[in-house]
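Novice: Dock chain B against chain A, hints included.
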Amino acid sequence: MAEIDARFVQPENFVNRELSWLEFDYRILEEARDKTIPLFERLKFLSITASNLDEFFMVRVASLKDMVHAGYTKPDMAGLKPEEQLAKIGEKTHDLVNLQYSTYTRSLVPALKQNGLRIVGKHEDLTEAEGAWVDKFFQDNVYPVLTPMAVDSSRPFPLIYNKSLNIAALIRKKDGEGEIDFAMVRVPAVLPRIVEIPVSEERVVILLEEIIERNLPALFSNCDIIAAHPFRIMRNADLSIDEEEAEDLLKEIEKLLKRRQWGEAIRLEIEDNTDKRILKRLKKELKIQNPDIYQVNGPLDLTFLMKMYGLPDFDHLKVKPYHPQPNPAFMNDDDIFANIRKGDILLHHPYESFDPVVKFIQTAARDPEVLAIKQTLYRVSGNSPIVAALAAAADNGKQVSVLVELKARFDEENNINWAKMLEKAGCHVIYGLVGLKTHSKITLVVRQEEDGIRRYVHLGTGNYNDSTAKLYTDCGLLTCHPQIGEDATAVFNMLSGYSEPLHWNHLVVAPIWLRKRFIRLIEREAHHASTGRPARIIAKVNSLCDRDIIAKLYEASCAGVKIDLIVRGICGLRAGVPGLSENITVRSIVGNFLEHCRIFYFENNGMPEYYMGSADWMPRNLDRRVEIVFPILDVELQQKAMHILEVQLEDNLKAHILQPDGSYVKVDRRGKMPVGAQDTFCGEAVLAAKKVEDLKDPVNTRVFVPVESPN
Amino acid sequence: MANHLFAAIDVGSFELELGIYEISPKSGIRQIDHLRHVIALGRETYHTGKISYRLVDEMCRVLEDFSKVMKGYRVEDYWACATSAMREAVNNQIILDQIEVRTGIKVQIISNSEQRFLSYKAIAMKASEFEKIIQKGTAIADVGFGSTQLSLFDKDSLVTTQNIVPGVLKIRDILSTIQVNKTQEKSVVEEIIDHELIKFKKLYLRDRDIKHLIGVGDTIMILVRKASEGDAPDRMTREQFNQVYDQLMSLSASQIEDTFGVNEGFASILIPSAIIYNRILQMTGAEMVWTPGIRLCDGVVTEYAQQNRWLKFTHDFEEDMLAAARNTAKRYRCGNAHVLCVENMAARMFDAMKKYHGLAQRDRILLRIAAILYGCGKYVTMRNFADCSYNIIMSTEIIGLSQNERELVANVVRHYQDEYEYDEADIRTAKLTAMLRLAVALDVSYKQKLAGCRMGVRGDNLVISTEYPGDLSLEAMTVGVCAGFFEEIFGIQPMLKQKRRV
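Residue numbers (the numbering used here), protein chains in the order written: chain A, 1 to 711; chain B, 1 to 502.
Honestly, the hints are just simulated from the structure, not real lab data.
Among the clues, some could well be false.
[Said to hold, decoys possible] Restraint-style ranges between C-beta atoms, simulated for each label pair:
#1 A/K420 to B/V38: 27 to 33 Å
#2 A/Q483 to B/N336: 52 to 58 Å
#3 A/D335 to B/V38: 38 to 44 Å
#4 A/M421 to B/Q108: 40 to 46 Å
#5 A/P534 to B/V38: 42 to 48 Å
#6 A/V686 to B/E264: 37 to 43 Å
#7 A/Q483 to B/F313: 22 to 28 Å
#8 B/S254 to A/H503: 18 to 24 Å
Here the structure is a predicted model, which means the values were calculated and not measured.
We treat Cβ as the ideally placed atom computed from N, Cα and C, and that holds for glycine.
Bound-form chain B, shown alone:
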C-alpha cells in the first residue's frame, strides 16, 4: 500500500498526546486522530524533582489506551518521545521501564534541541509560506510548559536557537509562591522574562531586523484565534495581539475561561504565556505573528517520514544545522577560511572513505559540525584549546542534535588534540576523530593549499592528490603524524601526492 500509518506519542510536561498519521508520498502527512490527556507531570518534576507513582499509574493507563487505539488503526510503527518533565525527573529511567513493562510502549527521552528541531521541521513541512516568511527576518518563539525556546533565522537558514529558562508552568509556580496582586503579578513575570531576554537581545539581536514571529504552542494559538475571530485564524498583527493582550489582562480567571473558551488549567497559564509573548514581540519588534499550529507529534511524524524517504523537503535542514554551527564558530572568532576548508576536506574524506568507514550518513553531518567547531576553544585559550572546545560544545545548543550526538561531536573535538583513550571512547568517535585529525592536518598551514585536492582510495591508501605547485612539506609531516592513528582505525594509510604540472 502506498499509504503508511504511523503513531506519534508525546509524553509532555502538561499533556500526554497521541497523533495517528497517514503518510503518503502523494498527498503528504495527514492527521487521522489526535488524543490528548492532561496530566501534570511538569508540576511534580519542577517541584519535587520526581514523578510520583500515582502519576506513573495514570500515565500507564492512558498509554495502554493509546496502544489500543494504535492497534485499532493498525499502525505500522510508532515513536514515543518524552520531553522536559520526564527528562528532568531523577527517576525517569525507572518510569520508562515501568511504562515499557506495563504498556509495551518504548518511550525515548529527547533533548531540548531535538524537541525544538522536530517542531521546527513540522513548521517547515506545514506551510508553503514557510520559505516565504523566513526570507524576511524571522524568529520562532516556542513558549512551552517547561521552558521557552527562541530561534532566529538569517536569510533562509536557522542561525541560533536558545533555550530560555522559565516556561509557563514554572512561572505559574513561581507566582503561586509569592503573594501579589494582578498588576504586580504582571510586572514580576515581566522582570523574570526580561532578565533572560535582555542578554539574548544583546548577544543575538544586535544587527538583525525581525519582521515575523512564528509562535508555537497552545497558548499562542488560543490568543490568535481570539484575535482573528474567524478569518485567517493562523496569524495576527501586532495591533491585534495588543488588543487581545489588553483584554486578557483585564479579565479574571473565570472570565478568561468564558471569553477564550478554555478550561481552568489553560486559563491559569494563558496570562504568563501572553506576557512572555508580549515581551518577545516588544524586544524583537516583529510586526506579524504566525501560528502554524503544529505540535511535537507533528514534528515526530515529519522526521519519521523524512527518514523513510517518503517525503521530501524543499527546506534544507542539514544546512540549518551547519549554519547554526558556523554561527557559533563565528561567535568564537573561528569562522574563517581555514575552518571552511577543514569542513570541506572532512566531508570529501568521508565520501571517499564511504566503503571503508561504514558510518551512517548522519555521521557526515556530525563530522562537518565537529570540523566547524574544533577550534572554538581557542577563543578561551590557545593551549589545550580542545578541552575548551569540548566544554563550549557541551553547553551550546545546536539545533537538531540529540544529547548523544552533541556529546559525540564534543568528544571528537576533544580527542582531536588529546591522546586517544582506547577504553573511554567508542569506535564511532574514533573514526570521526581520525578523519577530523587528518582534515585539519591537510590545512595545517591555514593557507588552504590543498583546497583543490582530490581524494580516493587506491588499494590500502587514501590518496590525496593535489596540483598545488608550492611547498607541502609541513602538510606531509602532519599527515604523517596522523597516519598511524588513521591506519589503526581504518586499515588505510593516507598518502599525500603532489602532482607536478607538466
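Just chain A, with the same shape it has in the complex:
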C-alpha cells in the first residue's frame, strides 16, 4: 500500500471517535428540541438519544474502562489515552444528559399538557380520584409481581440487574427507634412502564415506578418509609471485547483477564433530589465514583418515550406515515426475473418499497427453474418472510445456503432460533466465520434458463430486514450481470471456506481487498487533481473514523480534490481546516428515517465510478468484517445515485455542517429554497409511481384491454 504522509496523521488532525459520537447524539437531541417538528416526533428523537446513550455506555465506555483496568495507555488517533477519553466523555455526557432532561421537563412535558396529555411526574401530584384508581391498579396488577428486598446484617445487598429500573428506599421498623435499613424493589419489566389513568376526560399518564413508590408502604407493611427513589445502573457486562479495538489491545486484555472487573457498574442514574443516605449506600455497594453518577431531573430511562409515541389518538401530532412506493421497474405483469433481465434495478428504500427484495426470494423459492439460493443474513426481523421463503425453498429441493451472522450485537438469541429453524428445513447454515463478522448483504439466485445458467444477484447497503427497511434509508441493486453473478458465486464460495477466486470482476470485498481499493481510488483522484484533470469525491457513509482513509482524504484535499462527505454519525476527520482539509466539507443528516446507505462517487477524470456497499470507513469495516462494495455500472442508475447524493448535498432543513472547530451547525437557509432530502425523495417516489400508474389507466390510454380467458 502507498505510503501515508506523516504530516497528515498528526493527532491534532483527528477527532476522537467517542466525542464525535456524542456530537451525533447532540444532533439528534437538537431534533427533539426543534419546535417546528411535530410534538410526538420530538418524543421519539429524545427517546433515541437515550437508547443510543445506553448502547454507547454498554459498548464503548465499557470497553474504555477495560482498557484502563488493563493498564492500556496507547493513545487513539487523536492522541488521547483511554483515561483522558473517559474524562472527556464523562464531561460531555453530563452536559448531554442535562440537556436531555431540560428538553423533557421544560419543553416537552408542558407542550404535551397543552395538547391534552398530562404526565404525572410525581405521584404526589395525583388527584384523589386518580390516586384511588392507581392504587387499585397497583393492587390488581403490580403487587403480585413485586419482590421487595430488605438489606440488613443477615441479608446481603441484592444483585441489581444491568439496565433494570429499581426503587431504593430507607425503611425503619414502626415499633420504636430501630435502625434505618436499606430496602429495594425492582420495577417489573413485564408490565408496561406507562400507565394511562382513565378517570376523567383529560388524558393522563403516570409511570409505573411512581405507582410503586406511592404504594411502598404496602410492601413493607410494618415499616415507615423514610425516603424512596428510583435508580438504574449500567454494568460492564459485555462478555466480548468490542471488535473495534486494535488487535494488540485484545491480546493485552486477554493477558490481563484476571484484572478485568466483570460486571462492574459503570453508570448510575438517579433522581437529582435523592436522599444523601441512599446515594451514599449505593455508591458504596456499587463501588461507583461521582463522575459516573448521573443525577437527573425527571424520569429515568427516557426510552419509555418511544412507547409514549405509540399512544393512540395523537396522530395529528406525528408526521403522516409514509408508504413506500413501488419501483416503476416492477409495475407490470412480468415476473421479477424478467424485470431484472430488462436491466439493472436500483432500489432506494424506504422511499421505494422493500417488497421486491422479499418477492425476489419468495419467487425464487417457488420457481421450478431455480437451482440454488444463497444469502447472508444479519439482524433479520423476528418473523421474517425472507427466512420463511428460504425454508420453503429448501423444502422445494433447492440448494439453499445461508450465512447467519450470530455476532450481531444484542440479538444473538433471536438469531439462533431462526437459524436452527432453517437448518431443520434443510438449508445449509453457516454460523459466521471465525474472527470475522459477516456484514455484507448479498443474495444470489442461480436459475437454469433456456439459454443456460443465469445468476440473479441482490446487493444491498442494509440488512435483509423488512421492518427496518421502512425506517432506514438504504440502497439495493438487483442485477443479472454475468460478471457480478460470477463474483457473487465466488463470495459465497469464500464464505463456505474455499480459496479466494483467481480474480474479481467487479465486487470489492473486505477484509482483504476493500481498504486497498478505497485508498487507491482516493489516490487516483488526488493524482488527477494534481495533474489538472477533473477530480472529485462524494461519499456518504454512517461513520468515518479510519485513520488511513482520513489521511488520504487530507492528502487528496491538499492536491485540490473537492471532497464532499455526508457522514451521519462519527466523523474523525476535521473539515475545512486551512492547509489540511480546505476542500473537504462534511455534513450530517438527521431525519425521520435513519440515514444508512453508503454511496461513493469518484469523478476519475470524467469517467466517474459509483460504488455502494455495506462498509463504512471505519477500521472494523475495512479490517475485521466481510463487507462487499459494488459498482453501479448502468449509466441510468449512476444518474439515480448521483441524484441521491446531490439532493443530500442540497439539504438545508436537516443537514448539519461540520465546522473546523468540530461543532456542527445547521445550514444557513437565508435566500434559499428549503430542501429536505428525505421529503424530496418521498415526493419523487410517489410521483414516479403515479406516473406509471397513470400510464396504465385505461382512461388515459384510451385503449380498452379485453380480459381473455386465463387459458
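Specialist: For chain B alone, coordinates are given in the frame of chain A:
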C-alpha cells in the same frame, strides 16, 4: 435441452478443485462455478511417499461437499482426476477406494502426459489466438507443483513434450532442508533447474527459434497480473517479466503477500516458480509470455465436450500426437518413407476392417503411433529390436496417451517381433499386433511398392489389390507368414492381389 452441465474435479498436489461448466454447442464452454480448497497432498507424498489418513479425511469432507454442489447444479456427468501427488502415493488405491465409499465420487488417476494434454487442449480451446501464436515458434511451460512440463511446437503442431523433475513444491522442500540466504537460495534453485534444462536445450532446442512462451499455472498468472497492472492481463513482454522478477526477488515473504496479493502458501512458491520461468525464458529466448489462465478442470471439460461431439476444434490434436510420435521416430533415425508407408497401410487396413475388428476410433491412432514407432529400437540394436522399441516407448512421453495406452502401444510393438503370448496380452493388443504385422509385411522391401494399393474385405478375405507392375514375391511371402495369426484373430484371411495392367 441444448445445454449440458458438467463437473470437473481435480485432486491436485496443492489443491482440490471443482469446476462446474455449462457446455452448449452454440456458445461453447462456460464456467459457472469454481471451488478451490488448499490441501497439501503433495507435501506428504513427496516427503513420505504416502498420504496420511488425516488428509484423506479432509479430502473426503471436501469432496462430499463438492458432490453436494454438483447435485445442486444438477450436473449430468462428472469426471474426477487425480494428478501427481496421488499418482505417486503408494497407498493411492486404498485412498481412491475410501473416497468412493465415503463420497460416491470415482476418482481416476491420470498420467502426466494425459494431464498435460488436457491442459493443452484447454489452451487451444481458450483462445482464437492460439493458432496464431503457435505459427511462430512456441513453447508451453507448465510449472506445476509436482513437476514442470516443457512442450514445443513446430509450425502448428506439437513436437515434443518433456517432464522435468522438480516442481515448485519439490524445490521449496529441497530449500527447506538446506540452510541458505536469499541470494544463495536463488542460485541453488537455478542450479537445480539448469541441471535439467541444459539437457533439454541440447536435445530439442538446437534448431528452433522460440518467440512465444505459453505459461500455465497459478504462479505465472500472478506474475503476469502484477506486471500488466490492469491492461491485457494475460500477457507480458520479456522486459515486464524481468521487472516483476527483480521486484519479487527483492521482497521478503510478507512483502510478497502484500505486493502480489497472495496468501502465505502462494508467497512461498512464487519465488521458486519465478526462477524456473526466468531460466526457461533465458534458455528459450522467448519474447512474450502468454497466460491463457487455464486449469486442469478446463482441460477435463474440453475433453469431455469433445468426446461427446458437442464442440469442434479447429486445431487437430490427433495430428499433435502423431507429430510427437514422428518426432520421436526421427530422433531414433526411423522417420523415413518406410515408416510413413507402414503407418498409412495400417490406417487404411484399420478402416477397411472396421466391421470386423470392432475396435474404437481411438485405437486407430494407437495403431498409427505403433506403426510409427515400431522400429525405433533398431537405433539401439538390430537384433531383437522390438524389445528395445518397447523400452523406448515405455520411457518416452507421448502427449495425449494415458499410461495404459502407452503400454498398449509398447506391447503391440513388442509383439510385432516376439512370439505372441496368449495368456499375457489382451485381445485388443492382439488385434492391433496382427494389423501392425501385416502392415509391415506389406512394405517389407522398404520400397513402398504397395503404396497405392487398395484394401477391402470380400467374403472371408482382406483383399489387398495393387497395380504395381514389378515383383511382389517377397511381399507375398511375408503376408503369408502373418496371415495365420491375422486369420486366427479376425477370422479373415489377408490376400495380396496383383492386378496386371492390360
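Novice: Each hint: holds or not?
Specialist: We went through each hint and held it up to the structure:
1. Between A/K420 and B/V38 the CB atoms are about 31 Å apart, so this pair conforms to the stated range of 27 to 33 Å.
2. Restraint check, A/Q483 to B/N336: a C-beta distance of roughly 55 Å satisfies the suggested window 52 to 58 Å.
3. The beta-carbon spacing between A/D335 and B/V38, approximately 41 Å, falls within the hinted interval of 38 to 44 Å.
4. For the pair A/M421 and B/Q108, the supplied restraint of 40 to 46 Å holds, since their beta-carbon distance comes to about 41 Å.
5. Checked against the hint of 42 to 48 Å, the C-beta distance between A/P534 and B/V38 comes to roughly 44 Å, which is consistent with it.
6. Evaluation of the 37 to 43 Å hint for A/V686 and B/E264 yields a failure: the beta carbon distance comes to about 55 Å.
7. For the pair A/Q483 and B/F313, the beta carbons lie near 27 Å from each other, so the given range of 22 to 28 Å is met.
8. For B/S254 paired with A/H503, a C-beta distance near 22 Å keeps the hint of 18 to 24 Å intact.
Hint compliance for this structure: hint 6 is the single one not met.
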